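Number of protein chains: 2
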Amino acid sequence: MNLYDLAREHALIASSAEVLGWDQETFLPEAAATHRANQLAWLTAKAHELSTSDAWKRALSGAEASDDRSNPAYSANLRELRRRFHRATKLPVELVSREAHVSSLAKHAWAAAREASDFTVFAPHLEKLVAIAREKADRWGYPDEPFDALLETYERGATTRSVAGLFDTLRPKLREIADCAVDHSSRRSARLPAGPYPIEQQQKLNEAVARSLGFDFTAGRIDTTAHPFCTTLGPRDVRLTTRYDENDFTSSLFGVMHEAGHGLYEQGLPDADFGLPSGEAVSLGIHESQSRLWENHIGRSDAFWWKWFPIACDHFPQLRSIRFEDFLEVIRRSEKSLIRVEADEATYDLHILLRFDLERGLIRGDLKVNDLPAAWNERFHALFGMTPVDNRHGCLQDIHWSMGGIGYFATYTLGNLNAAQLFEAAKRQPAVTNGIGNGDYAPLLAWLRKNVHALGGTLDPTELIRHATGTTPNADAYLAHLNTRYCG
Amino acid sequence: MNLYDLAREHALIASSAEVLGWDQETFLPEAAATHRANQLAWLTAKAHELSTSDAWKRALSGAEASDDRSNPAYSANLRELRRRFHRATKLPVELVSREAHVSSLAKHAWAAAREASDFTVFAPHLEKLVAIAREKADRWGYPDEPFDALLETYERGATTRSVAGLFDTLRPKLREIADCAVDHSSRRSARLPAGPYPIEQQQKLNEAVARSLGFDFTAGRIDTTAHPFCTTLGPRDVRLTTRYDENDFTSSLFGVMHEAGHGLYEQGLPDADFGLPSGEAVSLGIHESQSRLWENHIGRSDAFWWKWFPIACDHFPQLRSIRFEDFLEVIRRSEKSLIRVEADEATYDLHILLRFDLERGLIRGDLKVNDLPAAWNERFHALFGMTPVDNRHGCLQDIHWSMGGIGYFATYTLGNLNAAQLFEAAKRQPAVTNGIGNGDYAPLLAWLRKNVHALGGTLDPTELIRHATGTTPNADAYLAHLNTRYCG
Chain W
7 MNLYDLAREH ALIASSAEVL GWDQETFLPE AAATHRANQL AWLTAKAHEL STSDAWKRAL
67 SGAEASDDRS NPAYSANLRE LRRRFHRATK LPVELVSREA HVSSLAKHAW AAAREASDFT
127 VFAPHLEKLV AIAREKADRW GYPDEPFDAL LETYERGATT RSVAGLFDTL RPKLREIADC
187 AVDHSSRRSA RLPAGPYPIE QQQKLNEAVA RSLGFDFTAG RIDTTAHPFC TTLGPRDVRL
247 TTRYDENDFT SSLFGVMHEA GHGLYEQGLP DADFGLPSGE AVSLGIHESQ SRLWENHIGR
307 SDAFWWKWFP IACDHFPQLR SIRFEDFLEV IRRSEKSLIR VEADEATYDL HILLRFDLER
367 GLIRGDLKVN DLPAAWNERF HALFGMTPVD NRHGCLQDIH WSMGGIGYFA TYTLGNLNAA
427 QLFEAAKRQP AVTNGIGNGD YAPLLAWLRK NVHALGGTLD PTELIRHATG TTPNADAYLA
487 HLNTRYCG
Chain Y
7 MNLYDLAREH ALIASSAEVL GWDQETFLPE AAATHRANQL AWLTAKAHEL STSDAWKRAL
67 SGAEASDDRS NPAYSANLRE LRRRFHRATK LPVELVSREA HVSSLAKHAW AAAREASDFT
127 VFAPHLEKLV AIAREKADRW GYPDEPFDAL LETYERGATT RSVAGLFDTL RPKLREIADC
187 AVDHSSRRSA RLPAGPYPIE QQQKLNEAVA RSLGFDFTAG RIDTTAHPFC TTLGPRDVRL
247 TTRYDENDFT SSLFGVMHEA GHGLYEQGLP DADFGLPSGE AVSLGIHESQ SRLWENHIGR
307 SDAFWWKWFP IACDHFPQLR SIRFEDFLEV IRRSEKSLIR VEADEATYDL HILLRFDLER
367 GLIRGDLKVN DLPAAWNERF HALFGMTPVD NRHGCLQDIH WSMGGIGYFA TYTLGNLNAA
427 QLFEAAKRQP AVTNGIGNGD YAPLLAWLRK NVHALGGTLD PTELIRHATG TTPNADAYLA
487 HLNTRYCG
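Sequence order for the protein chains is W and Y. With the working numbering, the residue at position 169 of the first sequence is 175, and numbering never jumps. With the working numbering, the residue at position 69 of the second sequence is 75, and numbering never jumps.
Be a bit skeptical, because a hint or two may be false.
Unchecked claim - Heads up, simulated BS3-like pairs for lysine-lysine below, C-alpha to C-alpha not over 30 Å straight-line:
id, chain 1, residue 1, chain 2, residue 2
1, W, Lys96, W, Lys134
2, Y, Lys52, W, Lys96
3, W, Lys63, Y, Lys52
4, W, Lys456, W, Lys313
5, W, Lys313, W, Lys134
6, Y, Lys52, Y, Lys96
7, Y, Lys134, Y, Lys374
8, W, Lys210, Y, Lys96
9, Y, Lys313, Y, Lys210
As the list claims (entries may be wrong) - Distance windows between CB atoms, simulated:
id, chain 1, residue 1, chain 2, residue 2, range
10, Y, Arg89, W, Met7, 33 to 41 Å
11, W, Glu121, Y, Ala61, 38 to 46 Å
12, W, Gly201, Y, Thr490, 54 to 62 Å
13, W, Glu133, Y, Asn440, 49 to 57 Å
14, W, Thr40, Y, Asn440, 34 to 42 Å
15, W, Thr32, Y, Val336, 35 to 43 Å
16, Y, Ala61, W, Arg104, 22 to 30 Å
17, W, Glu121, Y, Ser123, 17 to 25 Å
18, W, Ala71, Y, Ala39, 33 to 41 Å
19, Y, Ala51, W, Arg104, 25 to 33 Å
Unchecked claim - Chain Y stretches covered by chain W per the calculated footprint, using a threshold of three residues with CB under 8 Å from any CB of chain W:
id, stretch
20, 19-27
21, 31-38
22, 423-433
Hints in this document: simulated from the structure, not taken from any laboratory. Note that the structure is predicted; figures quoted are calculated from it, not measured. Backbone N, C-alpha and C fix where the C-beta goes; we use that ideal spot for every residue, glycine too.
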């Protein structure tokens, strides 16, 4: 069988598992968790079997032997498929299926632990997940420390050392920006008018906004979950989720703009290449650049609200009682807060730096799972000057580790850097800048389609940023953006 | 590998396909249909491969050789797994894939033909489907006539001769009952008060009713689809669907009671045997007995509404303008109508008898496909005293044949007979009768759990009815029920 046919069969299996995973988050009855874990374990094992099979190995070697380098996308696909084959064959089927099973149960335990703010409910599951992550890292190998191998899962080509170096540089500057943003906000008293903001109205506004950004609802949906996400169940089936706060419509709206940013990237990948690296998002750091670009650079801009504030007032009449300038203060309000997903743009990355340090410690073995709550609280205090009231507002707040997603968090901050750098480059096109001014996002989306989405995974993240912006990935655009917006 | 392990693996694959199928009916974005078809084709092929594999064959023979008959459920599982293996392996892959191809095209042609009320659009497809059904019957073998083998697909152990004999006896009696029910209704003028009956209120009432019947929402859900159904995605994951008519809340309510009847059966099967015949519903005729029992014997009874009419009035204040006795007339209204799925209890089976005769004739070759519309209209006139206005309201109304489901229809009437016979037997328990009188369905459900659900597929349908009721399956209880309710 042809390598591409095998890769497409693999994508059929993996995308079937995505359907079961999406259903698990949105609609699964609680008593069904165990069977769902078994179904997912079977599908994951089958996908793994196929991608580590002799047939795959032969097809890959055959394709490499006959590659005449005349088609760069084809060569890029072979390189990436070889990298994945290497990583996949290092993991025995037993480990892969054990991980699927453990993490499916861990997700439910995490939800219960978070609900009860009881870390002991989650701790034994996290213990297993950390051990599995270490085992995977050891089997994959790494240049420097086991965490490298985990980071590489989400961000092709990134190393712990380079990311940690970048974060060390960012830390003092981000703390300065956060201080100045928080200080500015503390001297403003604007508040969002009191709710309720009916959920049905929020859904209507969110859908209208997502549609205006270019999200295609014939090839996607928005549903409700405890923790918002975006997942792709097929080349024309992109599912976003959000959650609602009846006292604050901006929470679900910015959530939807964020997830729609992910969704636009997925909808912009070449359909015909579904299942091949050239038809897939290249990395989470690039993925997150898309969500952050739409959420923060567009969604928190003056120009966006010139168009959407009057429409929001039609949905929520109480908004007419706040001045437009005060509303802008509200949506850019900065304060030091406990919850990452509720954190504002100016303080967000400090939450990431915290998690990156802790998960790196867990994998290194410097930090024991049972010590996590205390370590979290101590470091949180060092960064933010306050201590979480309980573990629900501390180390139990995020779903990532419960899914085995150790190594993931860094990509959020990489995404913020990439977003700013890409947005700066896109705005060099007058059509893009004019469009944004008029609430017409088609030119911006077209630029992203051409320079990011259509490329799929044919370039490494670093190359892609260089190709799209003309410069090596760096923090200049992001720090300039934050300084202008929050310390201007 | 152990036979039971193989059967459970097969169930994991099949139940994963059910998840994708459920999502397809409820939430799938329109542009995603092709990819979903590819995902389902892959899962179906894997399930078929496994259940016809050499490993399966060896495991089956090994289990049979060592079966010492000391465990009747185990022996019953082996018999049924052997029967399925025989049926699965008698069909060459070429035939299975030809059928999938033909029926996929036929479904589209049927939808177009129905829309245009033009039988000639569907006829060539039905021609092919009948030929394939004949070929399958010939390969499977049959005692008497090819239709036996098709019936056996849906109703283990049933023969055409026995069903036809039963239907011949029923026909004149059902015509009498229908005449007298329709005559009675024509002399009553009661009408349901005008809508709207808000969908949200319908959902609340339906959920309260389903819960009171015993449906477990920690192991199931109710969602919305164009065509109501019940599907099982796992041993503790039973999904019902319904559709809403804002002018008539009883339409979704009886729909939910019907589907909840299916769902209660599925939730009552032994979890630990999921994937084995002993953990599965035995046949469609027994499945339908459960839905009909709750929908008609409970849902259309006086006692049910003693409890639920006041609650329904709280949900829909306009109901206070109809007298209780008139409301009962409304929900038991009978009239001769063209469409099976809209038919009332007193006329429903005549629609089935018609279809059974015609599909049997098609398979025998007595009836040519091109003569179907004329034969339908002629027989319909003989049974109902009226002629369909067009083929859309006649032989093109049902989807079943277009999916290759020839032999399916009889199970609806078998279900009605079984429902009445089981309900009569259950009511011999004073606790059951008292419970029903007080709106407490726990004793009835407990009786069904013990005498039907817990048995899974360990007994053939005929044995199961004999075991549960003490008598051979017969029409007495059903005719007595209809006579009492409609000709009293």
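Evaluated hints:
| no. | hint | result |
| --- | --- | --- |
| 1 | W:Lys96 to W:Lys134 | holds, 19 Å |
| 2 | Y:Lys52 to W:Lys96 | holds, 26 Å |
| 3 | W:Lys63 to Y:Lys52 | holds, 22 Å |
| 4 | W:Lys456 to W:Lys313 | holds, 26 Å |
| 5 | W:Lys313 to W:Lys134 | violated, 50 Å |
| 6 | Y:Lys52 to Y:Lys96 | holds, 17 Å |
| 7 | Y:Lys134 to Y:Lys374 | holds, 12 Å |
| 8 | W:Lys210 to Y:Lys96 | violated, 54 Å |
| 9 | Y:Lys313 to Y:Lys210 | holds, 16 Å |
| 10 | Y:Arg89 to W:Met7: 33 to 41 Å | holds, 34 Å |
| 11 | W:Glu121 to Y:Ala61: 38 to 46 Å | holds, 44 Å |
| 12 | W:Gly201 to Y:Thr490: 54 to 62 Å | holds, 56 Å |
| 13 | W:Glu133 to Y:Asn440: 49 to 57 Å | holds, 53 Å |
| 14 | W:Thr40 to Y:Asn440: 34 to 42 Å | holds, 37 Å |
| 15 | W:Thr32 to Y:Val336: 35 to 43 Å | holds, 37 Å |
| 16 | Y:Ala61 to W:Arg104: 22 to 30 Å | holds, 23 Å |
| 17 | W:Glu121 to Y:Ser123: 17 to 25 Å | violated, 55 Å |
| 18 | W:Ala71 to Y:Ala39: 33 to 41 Å | holds, 38 Å |
| 19 | Y:Ala51 to W:Arg104: 25 to 33 Å | holds, 27 Å |
| 20 | 19-27 | holds (count 5) |
| 21 | 31-38 | holds (count 6) |
| 22 | 423-433 | violated (count 0) |
Hints 5, 8, 17, 22 from the list above are not met by this structure, while the remaining hints are.
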